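*Asks:* Place chain B on chain A using the hints.
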Amino acid sequence: MLPLQVLVADDEPVSRTVVAAMLKKAGYSVIFANDGEEAWKKLDCDDPPALALLDWEMPGLQGPEVVQRIRARSGDTPPTYVILLTARDSSADIVQGLKAGANDYVTKPANEDELIARVNVGARVVQLQTALADRVRSLEEALANVKALQTLLPMCAYCKSIRNDQNYWEKVETYFTQHSNVSFTHSYCPNCYERYVRPELEALEGAKAAQDRHRQGR
Amino acid sequence: MADVLDPAVIESLRELTPPGEPDVLNEVLTIFLQEVPPRLERLRTFLAAGNIVEVQRAAHSLKGSAGNIGARALHDICRQVDDKGRAGDLSGLAPLVAALTLEFDKVEVEIHRLMSN
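The listed protein sequences derive, respectively, from chains A and B. Under my numbering, the first sequence is numbered contiguously, ending at residue 218. Under my numbering, the second sequence is numbered contiguously, ending at residue 117.
With the rest of the complex left out, here is chain A (with noise of 0.2 angstroms):
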C-alpha cells in the first residue's frame, strides 16, 4: 500500500522540518504548507492529504480557522483528519481547537512517540473510513440491482413472455438475465416431463417400430 500522505503546515522552518522527520521516520509522506492559506489551498481539492497536522498560530489564516473551513466543505471529498499542534496548552484552548473541528490535539515541541501514535490512530481511522465508504458503495450498487426487479411487469398469460420498457416483448430468460445477475439452465419438471416429454419419446419410439415393420416387411 502507498504511504499515507501527511501535510505539515507550520510558518516556523525548524518545527516544520523537525515533525517531518519523524513522519517519514514514522513512514508517511509529507507535504508542506509555510502558512494557513497555503495549507486550505491544499486541503480544499478532490484528493486532499490523509492527515493534517497544522499549527495553531500562523499568519493569515489560523490552525482552527483552517479546520472550521475542511468541516464546512460538502460534497464527497473524503475527509482529512486533523492534528492541531501547537505551543498552546491551556485546557480553554484545548477545547477551543476540537470545537472548531480538529480530530486531536498535540503540544509542541512535539514529543516523536507521542506524536507518532497519535498521527497512526488517525491513520487508522482514516483508513477505517475509506473501508466503511467502499462497503457502503457496494451496497448501494447491489441495491440498485434489486429495485431494477421491484417494479411491476406485464407478463403474457400465454406465452410467459415480458413487456420491457421499449415495450418489446422478451423471453423471462432473456429479461432477467438483462435485469439482474440471474443466468438460466434448462430442464424439466416432473409434470412437464409426464405432460410433454414421455409423449413424444413415445411418438419417437411408435415411428421407429413402424420403420422397422416396414423394412422387415419388404
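Rather than coming from a laboratory, the hints here were simulated on the basis of the structure. Model, not experiment: these values are computed from the prediction. Possibly wrong hints are sitting among the right ones.
Not the full set, but computed from the structure, chain B residues with beta-carbon under 10 angstroms of chain A [as the list claims (entries may be wrong)]:
1) Pro-18
2) Glu-27
3) Gln-34
Over 10 angstroms on every C-beta distance to chain A, these chain B residues come out as not near it, computed from the model [stated by the list, open to error]:
4) Ala-87
5) Phe-104
6) Ser-116
All residues carry an ideal CB built from backbone N, CA and C; glycine is no exception.
*Replies:* The following block gives chain B in isolation, referenced to the frame of chain A:
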C-alpha cells in the same frame, strides 16, 4: 551550569536520520542558524516601535524554534516574552529581550561546536 542545548533532544534529532539520507540534526541546526537571527532582529525592531502584537508573534515563533532543538533557557525566555506580549504587557520586556539575545549567542556558539564535530 545547565546545558545550553538539551543533549537528549539533540540525540533524538540525530536519530531521526533515515539510513543513507542527509543528517537531520545538521539540517535542523542549519535552518535554525538561518532563520532565527532575522526574526530576533525583527523582534527588537518591533519592541523599539512598541508594536506589542508583532513582538508577541515573533517571540512565539522563536519559542517554537528553540523548543525543537532543546534550547531550554532560550525557550523559557521566549515563553516569558510571548506571555507578556499576549497580555499586552510592555513592562520589563526590554531586559527580557536583552537576555534573549545573550542566550541566543550562547546557543549559536554551541551549535557551531556541534556542527564542527
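*Asks:* For every hint, state whether the structure bears it out.
*Replies:* Hint-by-hint comparison with the structure:
1. Pro-18: For Pro-18 of chain B, the interface hint holds, since the closest Cβ of chain A sits about 6 angstroms away, which is under 10 angstroms.
2. Glu-27: It holds, given that the least Cβ distance between Glu-27 of chain B and chain A is near 6 angstroms, below 10 angstroms.
3. Gln-34: For Gln-34 of chain B, the interface hint holds, since the closest Cβ of chain A sits about 8 angstroms away, which is under 10 angstroms.
4. Ala-87: Since the minimum Cβ distance to chain A is about 14 angstroms, Ala-87 of chain B lies beyond 10 angstroms and the statement holds.
5. Phe-104: Non-interface label stands for Phe-104 of chain B: nearest chain A Cβ at 13 angstroms, farther than 10 angstroms.
6. Ser-116: Check passes; 20 angstroms lies beyond 10 angstroms.
Of the numbered hints stated above, none is contradicted by the structure.
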